[in-house]
Amino acid sequence: QMIKYGKVKRGSLGISVTNLTPDLVHAMKINVNRGVFISSVFRHSTAYAAGIKAGDVIISLNNNSISSLTSFRAQLSSFPIGTKISLGLLRDGKKINVKVTIEKINHSPTHSTFLYKGLAGAQFSNIKIQGQKGIKVDTVQEKSDAFLLGLRVGDIILSINKKEVNVKELHNLLLTNPPYLALHILRGDNRFYLLLK
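Following the numbering used here, the numbering of the sequence shown begins with 161 at its first residue and continues without gaps.
Hints may contain errors.
Stated by the list, open to error - Straight-line C-alpha distance at most 30 Å; calculated DSBU-like pairs for lysine-lysine: (1) Lys303 / Lys288; (2) Lys293 / Lys322; (3) Lys293 / Lys259; (4) Lys296 / Lys328; (5) Lys323 / Lys296.
To be verified - So the derived label-pair ranges between C-beta atoms look like this: (6) Ala209 / Gly348: 10 to 20 Å; (7) Ile241 / Leu334: 36 to 46 Å; (8) His331 / Thr230: 35 to 45 Å; (9) Lys323 / Phe239: 12 to 22 Å; (10) Thr336 / Pro240: 43 to 53 Å; (11) Gly242 / Glu302: 14 to 24 Å; (12) Thr230 / Gly314: 30 to 40 Å; (13) Val258 / Lys303: 33 to 43 Å; (14) Asn224 / Arg251: 17 to 27 Å.
Simulated from the structure, these hints should not be mistaken for laboratory data. Here the structure is a predicted model, which means the values were calculated and not measured. Where is the CB? At the ideal position from N, CA and C, for every residue including glycine.
With these hints in hand, go ahead and build the complete structure from the sequences.
Written out as structure tokens, the structure reads:
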């Protein structure tokens, strides 16, 4: 690639990922200790087309175990754009395999560390989504903790640490000062996770 293009062209799957930490394992009730957590999948990406979902955990790439974000990125970067790879995923406690093609990078950065303290700066209200309780983000002050976390007006929090909550339950949960929160967000037609430490 250096000879042909004068630079190395790196590929992407169209996902935002972060390391699978012990706190995240506990918060999300994941039954593996090593891997890469997918916090979001970009619409119109090859990962989206392959059926990969936010909340999936990557545990292998072409049958090679993935122990960390570093090892995942190293293995992924060894393949040229256009290569079809096999990802081993853990989804709701079940292992699945998907085939996905590496594409040219045209998304946001492919790793995510949305780790900020608190949800200050946002106002919430209760909402029902298909008969299930959730939390709607009514306002977000610019440059507030909630804004820096990634929350936006109109977002709906479907669950926290895989548990449905309302505004009162969220308030009570924050009072316990939990080590890690994984917020499952619905924004339009997109679902993704914001991670709060």
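Hints, verified against the model:
1. Between Lys303 and Lys288 the CA atoms are separated by roughly 28 Å; this keeps the pair inside 30 Å, and the hint holds.
2. For the hint pairing Lys293 with Lys322, the CA-to-CA distance comes to about 13 Å; that is within 30 Å, so the pair holds.
3. Annotation: proposed proximity of Lys293 to Lys259 is violated, straight-line Cα distance about 34 Å (limit 30 Å).
4. Taking the CA atoms of Lys296 and Lys328, the gap is about 13 Å. The hint holds against a cut of 30 Å.
5. Between Lys323 and Lys296, the direct Cα distance comes to roughly 15 Å. Compliance with the 30 Å bound is thereby established for this hinted pair.
6. The given range of 10 to 20 Å is respected by Ala209 and Gly348, whose C-beta atoms sit roughly 18 Å from each other.
7. Between Ile241 and Leu334, the C-beta spacing of about 43 Å keeps the proposed range 36 to 46 Å intact.
8. For the pair His331 and Thr230, the beta carbons lie near 37 Å from each other, so the given range of 35 to 45 Å is met.
9. At roughly 38 Å, the beta-carbon separation of Lys323 and Phe239 lies outside the given 12 to 22 Å, and the hint is violated.
10. Between Thr336 and Pro240 the beta carbon distance is about 48 Å. The supplied range of 43 to 53 Å therefore holds.
11. Checking the proposed 14 to 24 Å range against Gly242 and Glu302 shows it is violated: the Cβ atoms sit about 40 Å from each other.
12. For Thr230 and Gly314, the hinted distance range of 30 to 40 Å is satisfied, since their beta carbons lie about 35 Å from each other.
13. Taking the beta carbon of each, Val258 and Lys303 are about 38 Å apart, inside 33 to 43 Å as hinted.
14. For the pair Asn224 and Arg251, the supplied restraint of 17 to 27 Å holds, since their beta-carbon distance comes to about 19 Å.
Violated hints for the displayed structure, listed by number in ascending order: 3, 9, 11.
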